[in-house]
Every structure is written in structure tokens, then in C-alpha cells.
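Chemist: Chain residues, written in single-letter form:
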Amino acid sequence: MNVGRIISFLILLALLPAAAWAVIETYRFSSPELEARYHSLSQELRCPKCQNQNIADSNAPIARDLRVVLHEQLEAGATDEDILAFMVARYGEFVRYRPGVDRNTALLWASPALLLLAGAFGLVWHFKVRQASAPHPLTARERDELERLMAHSNKESSH
Amino acid sequence: MQARRFTPLLAFGLLTGLLYKGLSIDPTALPAARLGQPFPPFTQRELISGAELTEQALLPGPALVNVWATWCYSCRVEHPFLLQLAERGVPIFGLNYKDDSSKALDWLAQLGDPYRLNIFDADGLVGLDLGVYGAPETYVIDEKGQIVHRHVGVLDARVFARDFQRWFPTGLTTNRLSLGGEER
Chain Y
1227 MNVGRIISFL
1237 ILLALLPAAA
1247 WAVIETYRFS
1257 SPELEARYHS
1267 LSQELRCPKC
1277 QNQNIADSNA
1287 PIARDLRVVL
1297 HEQLEAGATD
1307 EDILAFMVAR
1317 YGEFVRYRPG
1327 VDRNTALLWA
1337 SPALLLLAGA
1347 FGLVWHFKVR
1357 QASAPHPLTA
1367 RERDELERLM
1377 AHSNKESSH
Chain P
-1 MQARRFTPLL
9 AFGLLTGLLY
19 KGLSIDPTAL
29 PAARLGQPFP
39 PFTQRELISG
49 AELTEQALLP
59 GPALVNVWAT
69 WCYSCRVEHP
79 FLLQLAERGV
89 PIFGLNYKDD
99 SSKALDWLAQ
109 LGDPYRLNIF
119 DADGLVGLDL
129 GVYGAPETYV
139 IDEKGQIVHR
149 HVGVLDARVF
159 ARDFQRWFPT
169 GLTTNRLSLG
179 GEER
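One line per chain: the protein sequences are Y and P, in this order. Going by the working numbering, the first sequence opens with residue 1227, and the numbers climb by one from there. Going by the working numbering, the second sequence opens with residue -1, and the numbers climb by one from there.
Here chain Y stands alone, though its shape is the one from the complex:
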């Protein structure tokens, strides 16, 4: 009984949403609109140190610095483009979870379309080429031969 409770508690614990680990910090915003932009930008900017977290989730000092800069720039009236350009100038396209299209990221951006295309080709191949190589229907002679063999084996098994 008790063990069951502990296990279900542990399962619930494991299911806690990752968002619960987001950093708790308070910034004062002069308008709710700025706050909304802060949240969306801090989730789109990637922490340079801990690479699979955005700066909203990361506890790394550098992520904190970037949040401070983000807050300052938003309050100073910078546009989203200004802020992203500021970050990219310092940390490269790497800091964006949605990098711009350039030579390095072209394959990344094209890959969904390429995969879709590959899938389409696969389907066409499956239905066209496979069908063409499907077994031909038996000829009259082959059918006779088959029947003869079947009759023979039936006779044998009935003995």
C-alpha cells in the first residue's frame, strides 16, 4: 500500500513539466507587452555555455548576463531584430534557436522538405517498382503441374 503510494508519487514527480525548472528571477517591466516579448525572446535565445538550454532555463552566469542585457534593451526600446542582431554579433547564429538561412544552416532549413521528398520517392518506389516485380500469374502448364503435385500430396497424407 505504502510502496504503491511512493511509486505513484515518484511517477508523478518524473512527469513534472520541464518548465518547472525555469530560472526564477524578477524583472520589472514597464508594460505587459515588453514582458511578453522578454519571455518569447529568452526562450528563443540559446545559452552559449549550456548548449541545450535556452537562456530562460539556464542557471549559467552567462545566461543570466544575457537575460539582464535582454531586459535592459527591451526597456530601452530596442526591437526584436535589434536584440537578435546584438546577440548574433557576439555569439554567432548559434545563439538563435531559429537561425537565419545562410550557407551553414541551409541544409538544416531544407531538411524537412528533403525528407518529405525522400518519403514521397520511397512511396512511389514501393508502389510502382515493387508492383512491377511482383510474381507473374502462373501459366496453364504451371497450374497443371501444381494441381498434380497437390493431388499427389493429398493422397499421401490421407494414407
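These aren't lab readings, by the way, just hints derived from the structure by calculation. Hints may be right or wrong, so weigh each one.
To be verified - Just the calculated beta-carbon pair ranges, DEER-fashion: (1) Y:N1278 - P:A155: 29 to 35 Å; (2) Y:E1301 - P:L17: 45 to 51 Å; (3) P:R2 - Y:N1278: 35 to 41 Å; (4) P:K19 - Y:H1362: 43 to 49 Å; (5) Y:I1233 - P:Q82: 55 to 61 Å; (6) P:L13 - Y:N1278: 55 to 61 Å; (7) P:Q108 - Y:L1239: 29 to 35 Å; (8) P:S47 - Y:E1298: 28 to 34 Å; (9) P:L17 - Y:E1261: 41 to 47 Å.
Quick caveat, the model's predicted, so the values are computed rather than measured. Think of the CB as a built atom: it goes at the ideal place given N, C-alpha and C, for glycine as much as any other residue.
For this one, chain Y is given, so just place chain P on it according to the hints.
Modeler: Here is chain P on its own, set in the frame of chain Y:
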């Protein structure tokens, strides 16, 4: 028909090649966004003298700019090598990054001071403008003050010989003092 039997083998070979290549790629290495650009402008105090420093103080290069802090363990590891470089005439500027000035001064007094000057960057703002994401990092600036190389992590003789030597031809290959040294 015969060729199709080898398709899985071919796919396996390709995948293995791809994964093998992946082994030698360092996923934590970041492209340096500031390469080819001038050192970002700043106005900060010098760590020891307290005098005001700007990016002009780093000129003329070539010189190293070493990002360090007393909280950074690897900086302690590379410190003796920096002292050797300085001894052989390689100009090194320090960027004391998000540090406590009294601890930093103790560090230099105890371990030796390889730096021409130290930019005291308590808030990490110069570091942010440079695109620093951890210490130690070492930058090379050329004669015109442009950033031409960045190394992340401990700088040692092997890394120096491989990536830095070409800007400091006399640093370390001979015991002679580099011409880029004291005459300036």
C-alpha cells in the same frame, strides 16, 4: 538485382562514416563571431593602477588578450605557460573577467604577473561584447587591433605551436626575446 543485396551494407557504411566523423567534432566549440572585426570599444579601469583604459591601450599588436578570473580553475593551469610566453616577449593583455579585484591582485602577487595591462571587467561587459562564454579564452589581435583568432580553454605549448605561432614567430621557437617585445 545483385546490387540491391549490398544496399544495407552501403547504408551501414555511410552511417558509420557519419558517426565516426561526429566523434572528432567538438560540439561545445562555438564559432567566433568577432573574427576579422576590431576589438570592441570599452572604457574600464586597469586592475593594478586603476587608470582608465580603452581599446587603444591594446595597440599596436600582434598581442594576446587572455580572459581570466580567480574563480576559474583552468586559468590556474595555464598561468605558468602565460608566464613563459611573457618571458619570451609575447605581449599579453589580461581581461580580468567578472572577478573580485582584491582576489585578482593576490593571484598576480602570488603566481606572478604575465600581463602588460589588465582590463578589470567586473560586470563582464567587455567579455559580453567579445562573445566570451567562459574562462579561460585567449584572443589574438593583429597590428591593426583586429581579432584574428580565438582559443577557448587552456592555452598550452601544443596549442600555441599549432594555432598561435604564426603571429608570434619568435615566441617559444627560440630563446631570443621577440622583437615585438620591450622595444615598444
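Chemist: Look at each hint and say if it fits the structure.
Modeler: Comparing the hints with the structure gives:
{"no.": "1", "hint": "Y:N1278 - P:A155: 29 to 35 Å", "result": "33 Å, holds"}
{"no.": "2", "hint": "Y:E1301 - P:L17: 45 to 51 Å", "result": "47 Å, holds"}
{"no.": "3", "hint": "P:R2 - Y:N1278: 35 to 41 Å", "result": "39 Å, holds"}
{"no.": "4", "hint": "P:K19 - Y:H1362: 43 to 49 Å", "result": "46 Å, holds"}
{"no.": "5", "hint": "Y:I1233 - P:Q82: 55 to 61 Å", "result": "59 Å, holds"}
{"no.": "6", "hint": "P:L13 - Y:N1278: 55 to 61 Å", "result": "23 Å, violated"}
{"no.": "7", "hint": "P:Q108 - Y:L1239: 29 to 35 Å", "result": "47 Å, violated"}
{"no.": "8", "hint": "P:S47 - Y:E1298: 28 to 34 Å", "result": "30 Å, holds"}
{"no.": "9", "hint": "P:L17 - Y:E1261: 41 to 47 Å", "result": "44 Å, holds"}
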